[in-house]
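A.B. asks: If you want the building blocks of each chain, they are given just below.
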Amino acid sequence: MDHLDRLEADSIDIFREAVAESERPVLLYSIGKDSSVLLHLARKAFHPSKPPFPLLHVDTTWKFREMIEFRDRTAAELGLELIVHRNPECVALGINPFDHGSARHTDMWKTQGLRQALDEHRFDLAFGGARRDEEASRAKERVFSFRTAQHRWDPKNQRPELWRLYNTRVAPGESIRVFPLSNWTELDVWRYVEREGIPVVPLYFAAWRPVVDRDGLLIMVDDDRMPLTESPRHELVRFRTLGCYPLTGAVRSEARTVPEIVEEMRAATTSERQGRLIDHDQSGSMERKKREGYF
Amino acid sequence: MELLRFITCGSVDDGKSTLIGRLLYESKLLYADHLAALEADSRRVGTRGGELDFALLVDGLAAEREQGITIDVAYRFFATEARRFIVADTPGHEQYTRNMVTGASTADAAVILLDARKGVLSQTRRHARIVSLLGIRHVALAVNKLDLLGYSRESFEKVCFEFTEFAADLGFAEITCVPMSATEGVNVVGHSELTPWYDGKTLLQWLETVVVDTEENGPSRFLVQWVNRPDATFRGFSGRVLRGTLRRGDEVRVLPGERTSTVDRIVTMDGDLLEAPTGSSVTVVLTDDVDASRGDVLAFAADPAGVADAFQAHLVWLNENGLLPGRQYLAKIGARTVGFTATKALQLNEIGVDSVHFDTPVPFESYRTNATSARSWCSTG
Ligand SMILES: Nc1nc2c(ncn2[C@@H]2O[C@H](COP(=O)(O)OP(=O)(O)OP(=O)(O)O)[C@@H](O)[C@H]2O)c(=O)[nH]1
Ligand SMILES: [Mg+2]
Chain A
1 MDHLDRLEAD SIDIFREAVA ESERPVLLYS IGKDSSVLLH LARKAFHPSK PPFPLLHVDT
61 TWKFREMIEF RDRTAAELGL ELIVHRNPEC VALGINPFDH GSARHTDMWK TQGLRQALDE
121 HRFDLAFGGA RRDEEASRAK ERVFSFRTAQ HRWDPKNQRP ELWRLYNTRV APGESIRVFP
181 LSNWTELDVW RYVEREGIPV VPLYFAAWRP VVDRDGLLIM VDDDRMPLTE SPRHELVRFR
241 TLGCYPLTGA VRSEARTVPE IVEEMRAATT SERQGRLIDH DQSGSMERKK REGYF
Chain B
1 MELLRFITCG SVDDGKSTLI GRLLYESKLL YADHLAALEA DSRRVGTRGG ELDFALLVDG
61 LAAEREQGIT IDVAYRFFAT EARRFIVADT PGHEQYTRNM VTGASTADAA VILLDARKGV
121 LSQTRRHARI VSLLGIRHVA LAVNKLDLLG YSRESFEKVC FEFTEFAADL GFAEITCVPM
181 SATEGVNVVG HSELTPWYDG KTLLQWLETV VVDTEENGPS RFLVQWVNRP DATFRGFSGR
241 VLRGTLRRGD EVRVLPGERT STVDRIVTMD GDLLEAPTGS SVTVVLTDDV DASRGDVLAF
301 AADPAGVADA FQAHLVWLNE NGLLPGRQYL AKIGARTVGF TATKALQLNE IGVDSVHFDT
361 PVPFESYRTN ATSARSWCST G
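Line order of the protein sequences matches chains A and B.
Heads up, the first sequence is in the numbering used here, so the first residue is 1 and it goes up one at a time.
Heads up, the second sequence is in the numbering used here, so the first residue is 1 and it goes up one at a time.
It should be emphasised that the hints constitute simulated quantities derived from the structure, not laboratory data.
Examples of chain A residues lying across from chain B (beta carbon under 10 Å, computed):
#: 1; residue: S11
#: 2; residue: F15
#: 3; residue: R43
#: 4; residue: H47
#: 5; residue: K50
#: 6; residue: S137
#: 7; residue: A139
#: 8; residue: R142
#: 9; residue: R169
#: 10; residue: W184
#: 11; residue: S271
Derived list of chain A stretches under chain B, where covered just means 3 residues or more per stretch with a C-beta under 8 Å from a C-beta of chain B:
#: 12; stretch: 1-9
#: 13; stretch: 151-165
Here the structure is a predicted model, which is why all the values come from computation and not from measurement.
For every residue, glycine included, the Cβ atom is placed at its ideal position computed from N, Cα and C.
Chain B with its partners taken away, still in its complex shape (with noise of 0.2 Å):
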């Protein structure tokens, strides 16, 4: 069965929590004493006067129940007759805006809820703009708390159309707009007679179907985590197929550098392998003795990977201290640690297009093509 990895995200109290604690609730995915505390929480610290508080369901720090917020991202696992997904439920305020960007960077899709009252907030924007950074495509926003506007189909359609307008410039394939009341249930996921003038889909539906990016296997890059060396007579490479195939007697070039060598063994506990596909985890013997080491990338040498050590890139600043203009810092690029520099100075959660210089060459592959196998070899400050 396919998997789904999406996130919830948005301004703060927008109602993201409540949806997917309602989701869960509504496809009869809760065990039965997880139904049971959430009843008893519900009357001790819930915000609706007792009735179920679904938003308990993701909430679990003690420091969230208090507050009525939450805090870090929650994981959550279910399956449906169509797909499995894991939900990273993310917080909204600003504060905790790194944690939102935790979640989104495994994502494939995102739900971004709008309060239907409040509209585009500017909170709404920057998640927005960080699910667009992050190689998110598809979209669904869903439109929140119209049960508190009567379900009002006018409503509605303004607030997609001030978020479409804002959205037309962030690349997504698609946004699916939704009109919703996460405490209601409505449209979450059966359609309801509350909104007979909406027939598109309910946001259960929109997740079963929304197509997954599948990436084009191109040539193939090996990282190197571990030099794997029990005894005299073995020296392999331990680390994983960040795309492409990976094949037996191919010729490789160890990045960064121009040393070539050939793949000799690919071995797993289970046996050798002709061929490792993207995602696994092998180790790889080579022809000869070329010197290779953590954080080095072995690429198919007809179709090398390309290495710099200057950037013009996007950053996301997630440290209280803000980023100072010249300062050393490091990054983490794949399986190695570099020292960096950056020319402007960013505020704590802003986001900026900046170049950037790193103190020793890097091989580097676009993120927009390559999303899924950038996703564990890029930068982060």
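Chain A with its partners taken away, still in its complex shape (with noise of 0.2 Å):
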């Protein structure tokens, strides 16, 4: 077996293991490029079975228009049930990140959304695309991450986790989130995609797009809701992470394929993160929005 295929068998017993141990799992599906790794690998893990649980997207109505389709359209072919929700206080307010800053706009849709929506179905258990290698709070969860009933994570006292033997014991509204993909790389991610064949959202490779400058960033302009003071330029451009539309940077790049990417990978000189707006706040803003419930 070579690095990608002992990575792949590591993720498919974390996702059978959760499974085989927890009353309401649910996948959190947030359309990137993990989150298609993912979905490839739960569907390998139980075939000839489907995927015992739903995919779950947080939405915050500011996604890429084509994320959305891409959503739907996974959903529809694997035939899995999709649940999308939207924090009914942010739709009422009218929450976005262009009056209410990132941060706000973050917390209330991202945050306080997922709480709303485990609650409401009473998920016990969450799959997530997070990896080790993502950021510094991330690198030392462990797989089988525990929550309170509050959705809480205290980095300070994580439960041992040794070999794979993982802890799944809770008490009623308490639960885990379990990160299957903890001990892959970006890299790895890419490379598998391309072994594998995974779709992934267009975005991800370079075309022509529409973009401004705001905060260092290069905003790309998905619709008419962004507020606009110049007329946005034509750049060749991709993502390397995606999110809300207004809060992601795009990156300049000629990568037009999955090989072109892992390519361009290798010579990176910036981590993922960089395109990021709201992890920019100040370091140690992920571990804050963690212990709050963030997924």
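Using the supplied hints, reconstruct the complex from the two chains, each of which is provided in its own coordinate frame.
C.D. replies: Laid out in structure tokens, this is it:
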């Protein structure tokens, strides 16, 4: 078995352990490359059965349009149940990154939205596509990560996790987040996408797109809700990560295929989170958000 | 490219996190934005008077930065021309021993650090013992902070001797001692003029060449994790080959118990396989309708694993409330949770040998000879 075979086998193992030991699992589907790989692994883990859980997308109404199309097509093609949750309070107040700021936008749509959805459906276990190589507080997290009934992560008090034995015991209301891609790197993800021919959102590939400069990032103008004082210019860009379009920076790139992305990655001198406005707020902001229940 | 999983361990403040940070920095493996964040963080919360504090690359939790110590394991991923690495930087503080054990459980090699001024401390000994118990046989002893002793060869040799003597009965295949300063980057990646008397391997050279034990490919063992029944026509057992190679046509015994059957199909989403190697996650269909469920082990029938309900075992106790003799606890063994009792008391972070009784018989294999496969089905208290 080569490196990717082993990563795949470990992730499948994690999926099976989690499903066997939970009552109401769900897969947090955020439409990016990691989610695509996660879903592919979930299908492999339970084949010939379908993955025995629904997909949950916590929507913010500010995702790239191509992401939403991709999401709906993927769920329909695979015949999987898709739950889309939009925080009703945000809908009512029209929360958006321009008027309310990225921190409030992210907290209310994503953190609060996720908590609402998990509570409403009483999910006791949620799969996520986070990787330890993404960020310093992620690097500290267990594969099976315990959450209190208030959805809080207590990084100072994580459970021991030895070998491939996972402690799945929770009291009513408490839950577990499970990260089958914990030990994958960004490069592993792309190599696996290449090897398995996994579909990903076309935004990952370079194309001429309308962009403007915002806070040092190249922001793509995806619809007419974006307040503009200038007219967008067209540049050859792609995205390394996907999120809400006003908060996600594009990178200049000519990589139009997965092998070209892999090549580009090998030479990369900045991390993928470089392009995310919400992670820049300050060091430690991810940990704070996670403690509050952010995915 | 080969993968090496290793840990750094040793007593609190000996320089483990600094060493890993330094290693990443000197190997030019840091992204520009991470380096910029390190510079800013070093000025804000560093312990080096504003100079780069490499520990901040791994000590990512707010509480860790506040206290200047590591609380939980950080995993970092990097590669050189020679190898791919996953390092688990573990905490030295005694209170967080459970996190050190977590990091060590999946490692192939260990870097044990010492502060050259302090030598072998009780926590050094505890970590070394845990490393040995978990079946890690390759150890580098990093004798750190030699800058504070003028790179004295005598101090280095004295501490090496002290550790080697203590570790003699821990069953390590090798102990490679490296004189080091993590903050100054001495013998971390390249050799240094400051230690002209040392011509052994630098730490990175050791990591790139240390032997990764591969296991003999014994009789096959397959752990059933999930019974796969999409409809009335298909019934398979989804799980993992823990050891050996599972082949179509193999006769297997369902442990615990006497039932036997034959492997009819090895199913994956990419098509059926004729054989599945150690470590693969597959779904097995048997020729007849034998009953098997989550937690059972399908073992090569001609040479099955043992089954027992009483063991003499090493216990490492990781709970604040001590282990009480005779009290019922739950143990997770492979994919099954069983009740057990022990006969001796153990305090938090204490290591002991005791007889353990499970409330139901469980399949077992010796950890010593099968560390890799055993890693997925040994018990934890
Ligand atoms: N002079 C000197 N100081 C060092 C050296 N290595 C580490 N230090 C300092 O020792 C202190 C502790 O270093 P850490 O890397 O945090 O130690 P640690 O072993 O990771 O500590 P824990 O994880 O909390 O057990 C810091 O202030 C370091 O800057 C060294 O080689 N020389
Ligand atoms: Mg440390």
